Amino acid sequence: MWKWLAFAVFVSAAGAVSGPVAAADAWPSKPIKIIVPFPPGGAADLTGRHLQQPLSELLGQSVVIENKTGGGGIVGTEAMVRSAPDGHTIGMIVSTHAANVSLHQSLPYDSVKDIKPITVVTRSPNVLSVHPSEPYKTLAELVAAAKAKPGQLVLATSGNGTAQHFAAEHWKLSTGIDMVHVPYRGAGPALNDLVGGQVKIGLLNVASSFPHIQGGRLRPLAVTSLKRNPALPDVPTFSESIPDFDFAEWFALAAPRDTPDEIVEKIYAAVKKVAGTPEFAAKVGAAGMVVDLQTPAEFHGFLVTQIDKLGQLVKRANIKLD
Amino acid sequence: MRWRGGTDVIVGALLIAVAAAGYWLAADLRIGTAMRMGPGYFPRLVCWVLAGFGLLLAARGLLAGGPPLETWAVRPLLLVSAAIAAFGLLLERLGLVVAVLALVALSRAGGREGRPVEAALLAIGLAVFCVSLFVWLLGMTPPVWPWRR
Amino acid sequence: MEVFANFGLGLAVAGTAENLFYCFLGALIGTLVGVLPGLGPVATVAMLLPVTFHLPAISALIMLAGIYYGAQYGASTTAILVNLPGENSSVVTCLDGYQMARQGRAGPALAVAALGSLFAGIAATFFIALFAPPLAEIALMFGPAEYFSLMLLGLVAAVVLAQGSLLKALAMIVLGLLLSLVGVDVNSGVARMTVGLVPLNDGIGFVPLAMGLFAVAEVIRNLERPEHRLLPQGRITHLWPSWDDFRRSAPAVLRGTSLGTVLGLLPGGGAMLSSFAAYTLEKKLSREPSRFGQGAVEGVAAPESANNAGAQTSFIPLLTLGIPANAVIALMAGAMMIHGVQPGPQVMTSNPDLFWGVIASMLIGNCMLVVINLPLIGLWVRLLHVPYRLFYPFLLAICCIGVYSLNNSTFDVFVLVAFGALGYAFLKWGCEPAPLLLAFVLGPLMEENVRRALVFSRGDASTFVARPISLGLLLLTLVLVLAIVLPAVRRARAN
Numbered sequence: 001m002w003k004w005l006a007f008a009v010f011v012s013a014a015g016a017v018s019g020p021v022a023a024a025d026a027w028p029s030k031p032i033k034i035i036v037p038f039p040p041g042g043a044a045d046l047t048g049r050h051l052q053q054p055l056s057e058l059l060g061q062s063v064v065i066e067n068k069t070g071g072g073g074i075v076g077t078e079a080m081v082r083s084a085p086d087g088h089t090i091g092m093i094v095s096t097h098a099a100n101v102s103l104h105q106s107l108p109y110d111s112v113k114d115i116k117p118i119t120v121v122t123r124s125p126n127v128l129s130v131h132p133s134e135p136y137k138t139l140a141e142l143v144a145a146a147k148a149k150p151g152q153l154v155l156a157t158s159g160n161g162t163a164q165h166f167a168a169e170h171w172k173l174s175t176g177i178d179m180v181h182v183p184y185r186g187a188g189p190a191l192n193d194l195v196g197g198q199v200k201i202g203l204l205n206v207a208s209s210f211p212h213i214q215g216g217r218l219r220p221l222a223v224t225s226l227k228r229n230p231a232l233p234d235v236p237t238f239s240e241s242i243p244d245f246d247f248a249e250w251f252a253l254a255a256p257r258d259t260p261d262e263i264v265e266k267i268y269a270a271v272k273k274v275a276g277t278p279e280f281a282a283k284v285g286a287a288g289m290v291v292d293l294q295t296p297a298e299f300h301g302f303l304v305t306q307i308d309k310l311g312q313l314v315k316r317a318n319i320k321l322d
Numbered sequence: 323m324r325w326r327g328g329t330d331v332i333v334g335a336l337l338i339a340v341a342a343a344g345y346w347l348a349a350d351l352r353i354g355t356a357m358r359m360g361p362g363y364f365p366r367l368v369c370w371v372l373a374g375f376g377l378l379l380a381a382r383g384l385l386a387g388g389p390p391l392e393t394w395a396v397r398p399l400l401l402v403s404a405a406i407a408a409f410g411l412l413l414e415r416l417g418l419v420v421a422v423l424a425l426v427a428l429s430r431a432g433g434r435e436g437r438p439v440e441a442a443l444l445a446i447g448l449a450v451f452c453v454s455l456f457v458w459l460l461g462m463t464p465p466v467w468p469w470r471r
Numbered sequence: 472m473e474v475f476a477n478f479g480l481g482l483a484v485a486g487t488a489e490n491l492f493y494c495f496l497g498a499l500i501g502t503l504v505g506v507l508p509g510l511g512p513v514a515t516v517a518m519l520l521p522v523t524f525h526l527p528a529i530s531a532l533i534m535l536a537g538i539y540y541g542a543q544y545g546a547s548t549t550a551i552l553v554n555l556p557g558e559n560s561s562v563v564t565c566l567d568g569y570q571m572a573r574q575g576r577a578g579p580a581l582a583v584a585a586l587g588s589l590f591a592g593i594a595a596t597f598f599i600a601l602f603a604p605p606l607a608e609i610a611l612m613f614g615p616a617e618y619f620s621l622m623l624l625g626l627v628a629a630v631v632l633a634q635g636s637l638l639k640a641l642a643m644i645v646l647g648l649l650l651s652l653v654g655v656d657v658n659s660g661v662a663r664m665t666v667g668l669v670p671l672n673d674g675i676g677f678v679p680l681a682m683g684l685f686a687v688a689e690v691i692r693n694l695e696r697p698e699h700r701l702l703p704q705g706r707i708t709h710l711w712p713s714w715d716d717f718r719r720s721a722p723a724v725l726r727g728t729s730l731g732t733v734l735g736l737l738p739g740g741g742a743m744l745s746s747f748a749a750y751t752l753e754k755k756l757s758r759e760p761s762r763f764g765q766g767a768v769e770g771v772a773a774p775e776s777a778n779n780a781g782a783q784t785s786f787i788p789l790l791t792l793g794i795p796a797n798a799v800i801a802l803m804a805g806a807m808m809i810h811g812v813q814p815g816p817q818v819m820t821s822n823p824d825l826f827w828g829v830i831a832s833m834l835i836g837n838c839m840l841v842v843i844n845l846p847l848i849g850l851w852v853r854l855l856h857v858p859y860r861l862f863y864p865f866l867l868a869i870c871c872i873g874v875y876s877l878n879n880s881t882f883d884v885f886v887l888v889a890f891g892a893l894g895y896a897f898l899k900w901g902c903e904p905a906p907l908l909l910a911f912v913l914g915p916l917m918e919e920n921v922r923r924a925l926v927f928s929r930g931d932a933s934t935f936v937a938r939p940i941s942l943g944l945l946l947l948t949l950v951l952v953l954a955i956v957l958p959a960v961r962r963a964r965a966n
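Protein chains in written order, with this note's numbering: chain B, 1 to 322; chain H, 323 to 471; chain X, 472 to 966.
In case anyone wonders, no lab produced these hints; they're calculated from the structure. Mixed in with the good hints there might be a few duds.
Residues of chain X placed beyond 12 Å of chain H at every Cβ, according to the derived structure [claimed, not checked]:
#	residue
1	Pro604
2	Leu648
3	His709
4	Ser821
Okay, the calculated bits of chain X under chain H, using three or more residues with CB under 8 Å as the criterion [what the hints assert, rightly or not]:
#	stretch
5	511-521
6	940-946
Here are the computed distance ranges between Cβ atoms for each label pair [as the list claims (entries may be wrong)]:
#	chain 1	residue 1	chain 2	residue 2	range
7	B	Pro135	X	Asp931	20 to 26 Å
8	X	Leu638	B	Asp110	50 to 56 Å
9	X	Leu953	H	Glu392	31 to 37 Å
Please read all numbers here as calculations on a predicted model, not as lab measurements. For every residue, glycine included, the Cβ atom is placed at its ideal position computed from N, Cα and C.
One chain only, chain B, in its complex shape (with noise of 0.2 Å):
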């Protein structure tokens, strides 16, 4: 058996004639890898899927996009932590990268230490909506059935620690109301119930709410993001009645630890260039999402404040995963 292994490594040995070896300054001398730690098709896909193209065009190497799933991002995350630092393999990185922090006892790697920034790509905002047979029109009317009833409304949202529910923490939080989360496995079950009337409020993101409300069978209350959305420019945000109100999933880029500054630079000029052209935002956008660049310092700065904000909240809301 032991001579089979010494002949399974000869042969591979001798198969092929060993390849170039990458240098830092010839950046990109091979295939780039972005391992995308969540399954193909979800909105990270979609925006990692939709700069490949163009990036190899552009870098005139081509680069593969890795689903690299499980474990809420994590397991991925770790895989691109552990990659040589040569520019060569990046990683997607969402908004539950900076949750994860405040929501686990122990991560595989730090959040911020053991990451180069490279840039936010896209977000997705998020919306309050309401069956359209409850009575509430506002979301102050909202508020005041919730102060009246403490503990009797339900809420659903996408699930336990993501961006919709982080949202609906400090929404009740800021507002001093008491409404039972009611979480789901991602977006699609809670409209299932939230349009079939099961559950009548659900805190989602526009990408899929946004269909229902124009057919009328959800009701808008109040988007998440600091400005109104351009797609409900009728419906107020959190942030008229609470200040600096801001909850969206981001979608964002980052590296190894030890990569280059000068490769760190050249990819983030890269994807600025693909990710600024009209196309681009018409891609992202018809999935719901926006073109949100950032440099990799304002990326840092971005990435500090948020897991900050959301450790925070963790502690304020008691959200314990129990």
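For chain B, the structure is supplied; the task is to place chains H and X on it using the hints.
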């Protein structure tokens, strides 16, 4: 091994052991009440029921006698398991080609056919097939060779 | 007669040379990839999704739908030939399909599966074309209480899957429930019984679990004795179904199609229940239930047609509500978004060519599937003549890569090892894996929904009987329990 209890006693005892382990793993989880279940409610319930069935099965085996134990073929069990495990260990470290070669070598050792030349050809053929199908045609991105990761 | 006009539009869209080509290509590639052990529809569609990016939206969806049916049929082929369920709905096909193959009747099993699927596909497509919008409302009537009752019914039905000891089958169901609880609990977000392994947060994977228990265990058992062919007898009695096979299958196909059509409409678990439900129904209706598990042709015909009917109607919640019913359909939703079409109720009015084109392509795709697969049956059956010593390393290698490709993570490969060994132990102990697998799939949905239903009703358990659909399902469960228990009691009294 021919004794009255047979497999039913073994299976029953193992189920009780699994239930106990599950109960222990779920011990930290909040139980809640039947009307407001916590994350620990369902696991504990399932463990109790599992232990109950284990007990019934073992009792039935002891009282009524169960089917006798069959002998296990240890060699294929260990070597097939080792072959798959080797694939898992080698794939991301030494690449797809080495992983497939090791898998074929170990799993062929699990059978009793010998024929080393045929096995070697099979291993190489399979490696070529897997690389061309999964990497070139289907665009999978595992490491292929031990170098150039 | 608007329906005919719409359907005509659909046929015009799907019938262009270009789209016919992509439909054919999808069905062909889907079949060829799906027939590889370990690559079920989810893995196949996920892998081939990027291929369709460059196509126009309608062609891409038509091709993906073709890949989906092809992969599903391919998964049934491996279930029949090598006892390898590539997805949850082909678990029951393994039970009698593999036995038929062992008896040298792989050809009839494959042909019945193909023809049953064709009938189911056509019937379900017409059903969709006629009733799509009202059908969508059915999905909305199902809240957590209804889902809990449906899952309970499915769990009781799992007992019927068992052939041997009732007590062992019950124990396997509970063991399946326990395994399904590993991972992050949706309701509270807490990781349960993961022993600190991060990849287990998403739970134990269905594919490595099922392939370990069925395929790897079977390989180990086959290596016990020096056997030179996949086929124990080394002979094939006939390639095509006999008149008797047709006579037995026809009613099973009809019942399977109806069950699958209805259950496929329910997002979250409906489609996967359909094949189990169809098998259970046939076994309960049969005058000789003892034939099931021994190679009964109805045991292949019913679940396969239910499976395919469910696959068609599971598009309804996506196309009419924008709600993906299962993992494959979620990938389709992703594909729609990549092409700039937001799935939702507006698709029917804003993109009628896409909506009706996809529906019409279901009809065309199902016909192509049969055209592709009937000639292939001879080839697949001949594969069974390959010496086993050459075949099983191939099987194991493709299984391993297939499992790895699900998450691009080697963790699942180790899960495969563990459940392969456990599956071998189960074979030795006379424990059947099928009830375990069904409970494993239903368990999380059942717990999630019972807890959610009780939150909605503020802790009032009467919600399950107060809601008519839930009550109906519970009564059906009761009838099934009686149908299982009474013969056992009668037998005990006769002794």
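Hints versus structure:
no.	hint	verdict
1	Pro604	37 Å, holds
2	Leu648	5 Å, violated
3	His709	31 Å, holds
4	Ser821	32 Å, holds
5	511-521	holds (count 3)
6	940-946	violated (count 0)
7	B:Pro135 x X:Asp931: 20 to 26 Å	23 Å, holds
8	X:Leu638 x B:Asp110: 50 to 56 Å	51 Å, holds
9	X:Leu953 x H:Glu392: 31 to 37 Å	35 Å, holds
Violated hints, listed in ascending order, are 2, 6; each of the other numbered hints is respected by the structure.
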